Each structure stands twice: as C-alpha cells, then as structure tokens.
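Engineer: Those protein sequence lines, which keep their order, are chains A and B. Take our numbering: the last position of the first sequence gets the number 1258, and nothing is skipped along the way. Take our numbering: the last position of the second sequence gets the number 1440, and nothing is skipped along the way.
Treat the hints as calculated values from the structure; they're not laboratory data. Check before you lean on any hint, since a few could be wrong.
Residues from chain A that face chain B, not an exhaustive set, calculated with beta carbons under 10 Å [as the list claims (entries may be wrong)]: (1) T991; (2) S994; (3) F1001; (4) C1005; (5) N1185.
A quick note: this is a predicted structure, and the numbers were derived from the prediction, not measured. All C-beta atoms in this analysis are idealised placements derived from N, C-alpha and C, irrespective of residue type, glycine included.
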Amino acid sequence: MAMIELSHIAHTYEPTAVTPAYALEKLNLVWNDGGTYALLGPSGCGKTTMLNIISGLVRPSQGRVLFDHVDFTDFPTPKRNIAQVFQFPVVYTLMSVEDNLAFPLICRHVPKAERQRRVREVAELLNLTDKLSKPALKLAADEKQLISLGRGLVRNDVTALLMDEPLTVIDPQMKFEIRRKLKKINELYALTMVYVTHDQTEAMTFADTIVVMNEGKVVQIGTPQDLYNRPQTTYVGYFVGSPAMNFIKCTIDDGKLQIAGGAIPVPPGLSIPAGTENLQLGIRPSNVKLGTSRCEQSLRGTVQRVQEFGNYRVVTVAVKDELLRLKLAPGAEIPALDTWVVLPEDRICLYADDELLAQK
Amino acid sequence: MMRTTYLLLKYTAILIWSSFVVLPFLWALTTSFKTAHGITSGATYIPWLQYEPSLEGWKVLVRTGGAGINIVQPYISSMVVTVGASLISLALGTLAAYGLSRFTYRLGFIKNSDIRFFFISQRIMPPIVLAIPFFLMLQYFGLLDSIIGLIIVYIALLLPIATWVMVDFFNNILREIDEMATIDGCNPIGAFFRVILPNSLPGIVVAGLFCLIFGWNDFFFAFILTFTKTQLLPVAVVALNSSVTPWWSLSASALVSVAPLVIIAFVVERFLSSGNMAGAIR
Ligand SMILES: Nc1ncnc2c1ncn2[C@@H]1O[C@H](COP(=O)(O)OP(=O)(O)OP(=O)(O)O)[C@@H](O)[C@H]1O
Ligand SMILES: [Mg+2]
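With the rest of the complex left out, here is chain A:
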C-alpha cells in the first residue's frame, strides 16, 4: 500500500552489448496508491520486465524505483513486500494446496490462527475450499493458476499486487467472476493492483487506468474513455477498440481538410503547425454516421460490405481510395450502394506523424 514511482527507468537484458536492445526505454511512471491499473500491450513489449523491476526480480539498468518517495531500487525482493502472480502457474508441488496458500504468511511469520483465517478466506474467494488438503501436484492447470493467484491475495498488507496475465487459462465465466472479486478486494483494502493483459476488454473492464505499451515504450496512460475517445497515437487507435479506429490520410488546403477526394472543415480549436506532414484523420467506427444528403461534414462513398456481429453490424464504405468502417446498431438501415458518410467534427482526431495533435 504505497505509491509506486518509476523514475527514469530503462532496462536492457544485454548490458554488455555495443548497441543493446532496450526491453524498456527510458520512462517515468507513477502508480497511485489504491488504483487499479491494466498494463496493455502486445507480446514482447516489456510488460513482464516492468513488473519484475517493480518487484525487484530484475534490477533496472537505469533509474530508480520509489515506494512512497523512498528509494527501493537496492532493496531485495522480500523486503519490498510485493505480491506478484506470474504469467504461468507456479506452485510448490510438494506442498498441499493449503500450505501453498499459507507459504507467503509462513515466510513472514504470521501467527497460525491469523494464517488459517486468511487461507480460508482466500480459498473461499477462489472456490478452492474443498481442495485445501489435496497435494498441489495433482491439480489441473487452471487450478494451479488459482493457487498462484491465491498466494498473491493471501497477504493484505502488500505494497502492490502485480498480476501477469493471471487468468489466461481460466474459463471465461470464472474469469469474469474473479475479476469482479479482485475489484471488490481493491475497494475493501485499497490495494494497488496492476493487471497485465493483452486483451483490451479485460483491461477496460478491470482497470480505472490503462497503461498502453508498445516496443518498450509507454504510449498512453488514461482511463478507458480516454483511450477510446482520444488515442494519443495511431497505435493506440489500432490496438484499442473493436473494430479498430479509422485512419485516413489528409492534407490541409484552403483552410479545409482535404480527405479522400472531399473536403471537410478543420475541427475548431485545432492548431496545425505549418509544414506538418503525414497528416491523418482518425475517427472511431461508432462515431461515423450514414447520411442521406450532402452536408458540410459528409463525404461521398459506396457501401462495400456488411458484417453482422449480433449486437452490432460493421459496414465498410469505400470513399474514393480509402475504406471507412462504421459500427451501427443491428437494425440500422443501410443504403444499397451510394451513400454519404458523416464525420462529426467533435469526434475527429488529427494525427501528425502518428501523434495526436493537441486540441484546445
């Protein structure tokens, strides 16, 4: 239970190389006390490395790790009092389920009565009560993962709980249940939780704040709404939301956005520095509308394809050489061929060199 601060952290696994590849590039990051965070990013982007730096399993090549402003960089893992759940189940196979869950408490000399109470509580939470006396060796993979998670939850005085894709092997129904329980624990004990995943739905439903990473860099930190409405980079736009954000090349001419053969007004409050190149317009599929007639915000297009997803349908519209995707309600009327697509100005994001342009 502390604020965790990563200050000028960078890490490479090959410190002796001439041009080392950085698993984490220089970054500053603050995890607020009691927050729920999701660390979202593709495989190999440095998520596990980040967690290991916080827990002390990996010593960062550069930078400091601060807990409540105290420098913990040189403290060994046990002193940091972090709970961490690894990416794949790690259980002590020669111990019973109960001893597995109690192990973190035994190591920290928690009195027996208290220990048993905590173990029973956690077992209840994870539906492991009837398996407590079983040897851990005999369990299935998903049950082992639950034990891993349980060992992370059994202490409630930890600095933070770091979970590295903890529910990948758990079936969806149980997954949902556990995420809900984790949220409850967070509210109950104001426990800082970091949840690594590469599933955006999981991230969105679990966390108050999402940290998106790519290739060793943090690309955006924000609430699920932030990520959805104003992705900081085109990468976040592609990675978050389904279907991905639409990105269309455009230029500025006559004070208007020249886009796919048409022109729409530049959204108000946007300052586009002169000489800006590689301009792209981004808009979420759910924000694009179909129009029946020409208006200031509209472009002429042809319906190419309609995909049904049950609770919504995705319509692909060709606008000159560009393809725009629209996310519509299931019953929405779709014109046979030619149509107008409307890009509401308050929903448009502009990107120069893949970075969002500031809007006042």
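Keeping the supplied structure of chain A fixed, place chain B with the ligands upon it in accordance with the hints.
Structural biologist: For chain B with the ligands alone, coordinates are given in the frame of chain A:
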C-alpha cells in the same frame, strides 16, 4: 514373420546379456561354497549333487589369525569412509551446485562454466597424477594410513561428481520457483532450503548413489594411502590372495562387497519408480 524375427532377436539379445551379467555372480556364489577339491573338478553348479558344499570360504572372512583374514574391520572402515565422504560431498556439492546454477560468478576471465569444468577436470586426470600429491599432503598432516585422511581424499574425488550431477538437476528446476519464493518472502537461502531442496530429492539420491558406488569401489587410493593400521575392503579382498589362490573365500568376499550396492540399488530403484521423480516442478 517380421514380428517373430524381431521377438526372436530381442529375446536372444536379452538372454545373452543377462547371462553375461548373471553368470559371474552364479559362479561366485557356487564357488564360495566349494573347497579346493570342488574347484578342481570342473565347472559344477548344483550343490550336493555335483559337489559337496562347505562353509569354509565364508568362515575365513570372519576368523582372525592363523588361516583366516578378517574382513569385518575393513568392511566397517570402508563403510565409514564411503558414507562419511559421500555425505560431506553431497552437502557441499549441493550447495556449490545451487550457487553455480543460480548466481553468476566472475573471477577475471573465469566464469560459471569454467568453475564447473574445473570441478569435473579432477576426474578427467588419471588417478596416478593425483596419487603423489595426495600422499605428500597426507604425510605432511600426519594423516596417512588413517580414516580421516581417506575421507578427505575421497571427498576430493566425490565432490566433483555430486556437484556435476546437481548443477544439471538445478538447471532443470525453473528459476521462477526461486523467484516465486522470494516474492513470497524467502531470502535466497530460505528459498533453497524450503522450496528447492525438497524438490531436488531425486537428484540428491542419484548423486548420492554415484558417490557411494565410486567411493565403495575405489581400490587405487585406498591401496596407496594406507599401510597397516587402516585397511579398506577392496584392499583386504585383494590381500586374501596367497600362494594358493583361495577361490572360495575370494568369491565369498566379492559377494559381500557387492551386497551393499545391490541393496542400495534396489531401494533407490523403488524410490525412483514410485513417482518421486515425476513432476517435481510445475
Ligand atoms: N531474461 C531475458 N533475457 C533476455 N531477454 C529477455 C529476457 N526477458 C525478456 N527479454 C526480452 O525483453 C523484451 C520484453 O520482454 P517481456 O517479457 O517483458 O515482454 P512481455 O510484454 O511480458 O511479453 P509477453 O506478453 O509475451 O509476456 C522481449 O523482447 C524479450 O525477448
Ligand atoms: Mg510477459
């Protein structure tokens, strides 16, 4: 047809191999119950029918003075030396191996793998190279012809084996287990004793077996480094030989020398096959 040929070949091979292994024992067993007369009358195997069994060969082994060479004392000495050296080697070797497997050492250009090779290089050298230094060192400390001296020398011989086996074993235990234990609040030493060591029992058993076999069977150093006060079993067995080769007592002593190893082999086999080896991790 193919199948029959295959089976035929297979069983022939097994038969040849087993006779190769078993017959010497059978020979030793029958011979140990024979007298000089029984031995000269060709290869015979069935007691009472083909030869008259006698316990003379066995009695010699426990008799002192006169016509007997007592191997009870060497037997005990051998056990003390082998078990003592094996236990110490296992303890030191396991710790060394854990260090070599989990931590990075650097001494100038010397790295972990070099240290590992240094351990095993002790066994690559022909024993005769080591004999003279060992002799001189023991002499310097006044430990020639003593149990302690032999234990020290045997540790030098067995430690590399124990270390080598255990490094390999530890390398196959996931590092995440150690890491998990440190997350749960153990320091590296706590993690070793609480989590890694219990999981390494099969490895320790195998390493221990190697130590016992090599220690028990060593003749060379036992012969060179002892004279009169201390005698180990292999040396005593060889000393049974006199102008007339006493085949009966040689056979009996050979059987009693292999007996402990056979018993241990059976026990260990049981232990390893009872699932203690399986799924120690994950
Ligand atoms: N022990 C290691 N030694 C060398 N390189 C490593 C090591 N661990 C990770 N890396 C490299 O560092 C980079 C980041 O790895 P990391 O495990 O942090 O990624 P990740 O985001 O957790 O990926 P995943 O989603 O697959 O778990 C990768 O390119 C990986 O190859
Ligand atoms: Mg990972």
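Engineer: Please check whether C1005 of chain A passes as an interface residue: C-beta within 10 Å of a C-beta belonging to chain B.
Structural biologist: holds, 3 Å
Engineer: Hint check: is the beta carbon of T991 of chain A less than 10 Å from a beta carbon of chain B?
Structural biologist: holds, 6 Å
Engineer: Given a cut of 10 Å on the nearest C-beta pair, is the interface hint for F1001 of chain A held or broken against chain B?
Structural biologist: F1001 of chain A check passes; min Cβ-Cβ to chain B is 5 Å, inside 10 Å.
Engineer: Holds or violated: the hint that N1185 of chain A contacts chain B, with Cβ atoms closer than 10 Å.
Structural biologist: This interface hint is violated because 44 Å lies over the 10 Å limit.
Engineer: Under the criterion of a CB-CB separation shorter than 10 Å, is S994 of chain A in contact with chain B as hinted?
Structural biologist: Nearest chain B Cβ about 13 Å off; hint violated.
Checked against the numbered hints above, the structure breaks hints 2, 5 and satisfies the rest.
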